[in-house]
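With the hints as a guide, dock the two chains, each given alone in a separate frame, to form the complex.
Chain order of the listed sequences is A and B.
In this text, residue positions in the first sequence follow the numbering used here: the first is 161, and each later residue adds one.
In this text, residue positions in the second sequence follow the numbering used here: the first is 36, and each later residue adds one.
Just so you know, these hints were derived from the structure itself, not from any lab.
As a list, the in silico DSS-like pairs of lysine-lysine whose alpha-carbon atoms are at most 27 Å apart:
| hint | chain 1 | residue 1 | chain 2 | residue 2 |
| --- | --- | --- | --- | --- |
| 1 | A | Lys270 | B | Lys75 |
| 2 | B | Lys75 | A | Lys475 |
| 3 | A | Lys575 | A | Lys304 |
| 4 | A | Lys334 | A | Lys430 |
| 5 | A | Lys562 | A | Lys215 |
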Amino acid sequence: MNKTLYRRVLAMACIAVLGGCDEKASLQPDQQSGSNPPMPKAQSFLVPPMQVPDKAGWKQGQTPTVAPGLKIEAMASGLMHPRQLYVLPNDDVLVVESNGPGTEPVTTPKQLIAGMVKNQSGKGGKGGNRITLLRKNASGGWDKHVFIENLNSPFGVQLIGDTLYVANTDGIVKFPYVTGETEIKTPGVGFTDLPNTINHHWTKSLLASPDGSKLYVGVGSNSNITENGLAVEYRRADVLEVDVATGASRIYASGLRNPTGLQWEPTTGKLWAIVNERDEIGADLVPDYMTSVHEGAFYGWPYSYYGQNVDTRVKPQRPDMVAKAIKPDYAIGSHVAPLGFLMSATNALPASFQGGAFIGEHGSWDRSPLSGYEVVFVAFKDGTPVGKPVSVVSGFYSKDEKQLFGAPVGIVQDKEGAILVADDVGDTVWRVTAAR
Amino acid sequence: MSYRPAPRRSVVANAIYGLFNPIPFGVFVAALIFDVTYAKSGEILWMKGAAWLIVIGLLFAIIPRLVNLVQVWITSRRTTVAAERLDFWLNLIAIVVAVINAFVHSRDAYAVMPAGVWLSALTVLLLAVAHIVIVTQPTTPGNLIHE
Chain A
161 MNKTLYRRVL AMACIAVLGG CDEKASLQPD QQSGSNPPMP KAQSFLVPPM
211 QVPDKAGWKQ GQTPTVAPGL KIEAMASGLM HPRQLYVLPN DDVLVVESNG
261 PGTEPVTTPK QLIAGMVKNQ SGKGGKGGNR ITLLRKNASG GWDKHVFIEN
311 LNSPFGVQLI GDTLYVANTD GIVKFPYVTG ETEIKTPGVG FTDLPNTINH
361 HWTKSLLASP DGSKLYVGVG SNSNITENGL AVEYRRADVL EVDVATGASR
411 IYASGLRNPT GLQWEPTTGK LWAIVNERDE IGADLVPDYM TSVHEGAFYG
461 WPYSYYGQNV DTRVKPQRPD MVAKAIKPDY AIGSHVAPLG FLMSATNALP
511 ASFQGGAFIG EHGSWDRSPL SGYEVVFVAF KDGTPVGKPV SVVSGFYSKD
561 EKQLFGAPVG IVQDKEGAIL VADDVGDTVW RVTAAR
Chain B
36 MSYRPAPRRS VVANAIYGLF NPIPFGVFVA ALIFDVTYAK SGEILWMKGA
86 AWLIVIGLLF AIIPRLVNLV QVWITSRRTT VAAERLDFWL NLIAIVVAVI
136 NAFVHSRDAY AVMPAGVWLS ALTVLLLAVA HIVIVTQPTT PGNLIHE
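With the rest of the complex left out, here is chain B (with noise of 0.2 Å):
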């Protein structure tokens, strides 16, 4: 995620967007691995740590999605590509799909599963597929420029 991003784009949007935007990955990664280990062993304390994470993965989701929504759609929507047209979609489900997941996780003990631990999978896989599609897009001058 280290890219430069076009000089026409606000600043402090972007640096917002820099400093909020992988953190939900990263905590859905890990409720992935919480979500595992309790659905292999049953053990209640990884399933509640898997739950708390989804609902903070969703919380700091929310200004980087407000701030990739507003750039790609409307203040920079002559310049935006279709990898990030694509990244903007497949956030979209990874979203949805993680606040299905928040519900599914409010259930009692086992019932979370198996439906908990593939939701958090289809999160984590729809986040990577968005990353790498916005890293490895072919650079435009103008636009966004890799490093």
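Only chain A is shown next, with the shape it has when bound in the complex (with noise of 0.2 Å):
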């Protein structure tokens, strides 16, 4: 009897170990971005597809690589885990050096293991916790000056008048902004909190309305999917709208996993998102998107995917939630991980590259092969995305796979039209222009 049970526990060991062979992507990341991505079946694993190439830097001289017609080059290098930008209206441009709080427990066996694959990655690189000011000088270079220091992991930046809003992981705190000044010694006075228990996703994204009277915040989740509990989910993947008189603060849209990036859309005025998915379901799961985001509507995390896919691993199910759920407007790709998002009408760039969407993907760890580690630009047209995104920036990593050179993330254009691009592996933030 014992022998028979020996076997049949070897054959589920050898299931396991054949199941870690086809854990492969089948779909490029281009198959499934659009409007209509293909949705694989849902998988579980026994260990989810892992790859992450080692850090390694750039080496002196060497660039990321860009599309034909353009050129890069670096703007400032040795940052502190640069993860956003921002232009001031003098065209200084704000780097915020910043990574996670830490503040998140280990509270499984699980969370030791990748902890440690994380940091291998040099995603785990140590934040700065301030925000960098780079200005042009005589000679053409980009003189940098320490602008604001003792952040607590800052992300969104946002000028309202003469006020600097900084979107801290714990809650948005506002500076005195005088035009021209290269430092910031007055503290921050607190001016709203932000929802701030464990930070699994600890970015808050931020983008001031035009006529400058609310403030949105993008705020992700507190889990992969509802794995700390549904408690801490309080107000969380979701955007936020703030009251800028006030500081008041209401749910504007929900069910967004983690949206990292607002921006208006120039032609119609619309709130757009980019958001990153839901993880350890396949290779093939779940594209991550960019979406308008509506008031009051409801994107399906954590109950289902792209409409009314449900998602199994949430206890207790949500039928009611799941018939609500909005689908996105346009996929990116499976676990590309949008991480900067820039709405561009017109720039310096040629003209395939005028009205649409720039995307810093800062790219995958639980697929194989490895997906984003790339700027991608998505055409609009009347206010919808059209054809496939376009790579602008690419060549982050090694052509084995093994290294990784930087990667990229926030995404801004200047006043001269140029695309900024903060690479928090590489430390650097990297001017694309076009090729003269």
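Below you can see the structure in the form of structure tokens.
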């Protein structure tokens, strides 16, 4: 009897190992892009597919590669985990140097191991908790000034009038801004608090309304898929709308797992977001996306994805919420990890890069082969995305996928129309212009 | 498990085995209770508790299993009886099941179920049978003696 049982267990172990063989992605990010991405069946794993290149950094003179007709140069290097960028009205560029606050307690054996894997990749590098200002000097280079220090895992930055709002992981603080200053010594004043338990997804993206009366805050979920319990998801995985006059806030839209970038679509004036979808149900699930964000709408997390695709990992199940879930507008491929978002009506790049969205894809960890690790452009027509994403900046990892030189994050456009890209693994800010 | 081992076996090895061997069984029983609670309630605390218990059980099983491996198949192989060999295999399968279960418990939220609770039950069942096999084996002079 024990022999047959033993064989059965061996067979189970073999299935587990063999299961490991077909974990490779079968769909290209390209095939899972657009308004109607194919959704393979959800799988569960003993060990989720994982592929994390080791941090190598950029060698002297080495740069990412750009699409034909473009050129790229390093604008600033030696930064401390630059995540987000913001262009001030006088064309000074703010670089938010930040990483997670490390406040998430280790509550499972899995977290112990996952933390070690992440640190190897360089994505766990220590953030500066500061903002650096870059200003063009007479010789055409850029001077670095430490602008604001002692922040708490900052991410979003917005200037309204003469007040600079900085979204720390635990709340928005405001600073008085005087044009031309290269340093703010005045301590920040607390403006409004933001959801601050655990901070599994710690980034708080920020966007002011055109009239400066509201701030929109992208708040990520506190888990991949409710594995930290539902209680800690209060006011999480949503876009909050904060009243600038009072600091009062409400949930503007929900069910957005990790909305890391917010932008106004220039032709329609609608709010759009990039969102990181859930992991560990397959290399081709679930595609990350870009979507217009409607007031009061629910986009599925955690109960379902892309409309009514139910996620069985959530307990209790909520068919009523699944029924309400809206399908996002435009998929950009599974596990690409969008962290930078720029809507650009016009810029100084060639004609094919006008009128659309630039997305900084930080890159996958639970997919083989790698996906993301590039800046893509999605053209818009009449306020909606058309066609497939086009690679703008790539070459962030070695050809054998073993070494990671950099990873693109925040994207902005400066006054000359150049596209600036923060790189938090290479600790560099890149400037992309048209080749002459 | 109160048995006096054969005098031919090392006292130190027997002491280490006697000290550590009961720990995994108790811990796996607790993991099963937690898993049943989680399967019924969906309250995440219990699943995370079970995940730790399974890992702890496996860590504490390493030393007694190695001692048992050496005693049953090498140092005392001439005096080893059938029940001890059966005990060895049952324990080995239980450990393999628990290792698989540790990976199942690394899944997020309710993806652990229902596989997790069944694997926990199987681990406990195999260990329980092994213990019963050992304590009910017929006594042979010069071998294990029951009290």
